[in-house]
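Asks: Letter by letter, the chains look like this.
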Amino acid sequence: QQQVKQSPQSLIVQKGGISIINCAYENTAFDYFPWYQQFPGKGPALLIAIRPDVSEKKEGRFTISFNKSAKQFSLHIMDSQPGDSATYFCAASIRGSTLGRLYFGRGTQLTVWP
Amino acid sequence: GAVVSQHPSWVICKSGTSVKIECRSLDFQATTMFWYRQFPKQSLMLMATSNEGSKATYEQGVEKDKFLINHASLTLSTLTVTSAHPEDSSFYICSARAYKGQGVLDYEQYFGPGTRLTVT
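If you read the protein sequences in the order shown, they are chains A and B. Just so we're aligned: the first sequence equals residues 1 to 114 in the working numbering. Just so we're aligned: the second sequence equals residues 1 to 120 in the working numbering.
Any given hint could turn out to be false.
Just some of the chain B residues that point at chain A, by a computed CB distance under 10 Å [stated by the list, open to error]:
{"#": "1", "residue": "32"}
{"#": "2", "residue": "42"}
{"#": "3", "residue": "58"}
{"#": "4", "residue": "61"}
{"#": "5", "residue": "67"}
{"#": "6", "residue": "78"}
{"#": "7", "residue": "89"}
{"#": "8", "residue": "93"}
{"#": "9", "residue": "109"}
{"#": "10", "residue": "113"}
{"#": "11", "residue": "114"}
In silico SDA-like cross-links for lysine to any residue, where the CA-CA straight-line distance does not exceed 25 Å [what the hints assert, rightly or not]:
{"#": "12", "chain 1": "B", "residue 1": "14", "chain 2": "B", "residue 2": "75"}
{"#": "13", "chain 1": "B", "residue 1": "41", "chain 2": "A", "residue 2": "87"}
{"#": "14", "chain 1": "B", "residue 1": "14", "chain 2": "B", "residue 2": "113"}
{"#": "15", "chain 1": "A", "residue 1": "5", "chain 2": "B", "residue 2": "42"}
{"#": "16", "chain 1": "B", "residue 1": "41", "chain 2": "B", "residue 2": "6"}
{"#": "17", "chain 1": "B", "residue 1": "20", "chain 2": "A", "residue 2": "45"}
For the record, the hints were derived by calculation from the structure and aren't laboratory data. Backbone N, C-alpha and C fix where the C-beta goes; we use that ideal spot for every residue, glycine too.
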């Protein structure tokens with residue numbers, strides 16, 4: 001059973017546009033929601049993360065919106081650039097748990113056209 | 001800070017041989033390390049979780065005798081693929097979870113750059 005559902009699977013955006021990737025979860029015990037960026041042949045890198053006590057977090061061009069009641073969160077990339085072309089994974093975890101296992105979405109392959 | 005290295009970055013081996021992959025947290029200590037496997041255009045699949053000084057916990061469907069994990073210290077975990085076969089060819093990624101108070105994000109998981117294994 002997929003603990004975190006991510007959409008779309010792929011996304012094509014023109015340079016300067018807004019990229020939006022959505023994720024949904026079921027387990028209300030999750031209290032940490034990170035987004036990772038992965039380039040081909042590389043490991044994932046933490047992009048931005050949010051806790052459920054806030055509805056939005058912004059870091060530069062990247063914003064996470066969080067809707068606790070709907071159990072959904074999304075990543076917005078403003079002014080998308082060709083260098084943003086990568087695969088993006090949302091994830092969820094119970095941060096204070098002993099192991100802190102991450103549950104990943106299936107990923108979104110973003111292509112930004114110049 | 002918060003750098004995780006993997007060695008080797010890529011390896012080609014013959015079917016039937018064993019391959020060891022190292023995962024090191026370079027500037028922090030990690031009580032827990034995770035090993036993932038990733039197929040092309042797919043998500044990360046957790047294989048096992050290892051805690052320093054104790055046996056690894058494997059996910060359902062992952063063969064313990066085939067994928068041997070040793071978490072020898074707070075900065076080193078190794079994955080040994082024993083008697084490798086072509087179907088074991090994949091991208092293997094480790095992550096290290098920092099515990100509190102080390103100057104990096106508490107409890108954050110930091111990922112290594114991955115190891116590409118090709119079994120011929």
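Asks: Against each hint, give a clear statement of whether it holds in the structure.
Replies: Against the structure, the hints come out as follows:
For residue 32(B), the shortest C-beta to C-beta distance to chain A is roughly 6 Å, which falls under 10 Å, so the interface hint holds. Below 10 Å, beta-carbon pairs count as interface contacts, and residue 42(B) has one with chain A at about 7 Å; its hint therefore holds. For the restraint placing residue 58(B) at the interface with chain A, the shortest Cβ-Cβ distance is roughly 13 Å, beyond the 10 Å limit, so the hint is violated. Interface restraint check for residue 61(B): the shortest CB-CB distance to chain A comes to about 14 Å, outside 10 Å, so the restraint is violated.
Among the interface hints, the one on residue 67(B) is violated; its C-beta lies about 17 Å from the nearest C-beta in chain A, farther than the 10 Å criterion. The beta carbon of residue 78(B) is not positioned within 10 Å of any beta carbon in chain A (closest approach about 17 Å), and the interface hint is therefore violated. At about 14 Å, the closest approach between the beta carbon of residue 89(B) and any beta carbon in chain A exceeds 10 Å, and the interface hint on this residue is violated. Contact between residue 93(B) and chain A, as hinted, is supported at the beta carbon level, the nearest pair being about 5 Å apart and thus within 10 Å.
Given the 10 Å rule on beta carbons, the hint for residue 109(B) holds: about 6 Å separates it from the nearest Cβ of chain A. Restraint check, residue 113(B) versus chain A: the minimum CB separation of about 5 Å is within 10 Å; hint holds. For residue 114(B), the interface hint holds, the least distance from its beta-carbon to any beta-carbon of chain A being 5 Å, beneath 10 Å. The straight-line distance between the Cα atoms of residue 14(B) and residue 75(B) is roughly 29 Å, outside the 25 Å bound, and the hint therefore fails.
With a C-alpha separation of about 9 Å, the suggested pairing of residue 41(B) with residue 87(A) holds against the 25 Å cut-off. With a C-alpha separation of about 23 Å, the suggested pairing of residue 14(B) with residue 113(B) holds against the 25 Å cut-off. Annotation: proposed proximity of residue 5(A) to residue 42(B) holds, straight-line Cα distance about 13 Å (limit 25 Å). Pair hint residue 41(B) plus residue 6(B) holds up; C-alpha atoms about 21 Å apart against a cutoff of 25 Å.
Distance restraint check for residue 20(B) and residue 45(A): the Cα-Cα separation of roughly 24 Å lies within the 25 Å cut-off, and the hinted pair is therefore satisfied.
Checked against the numbered hints listed earlier, the structure breaks hints 3, 4, 5, 6, 7 and 12; every other hint is satisfied.
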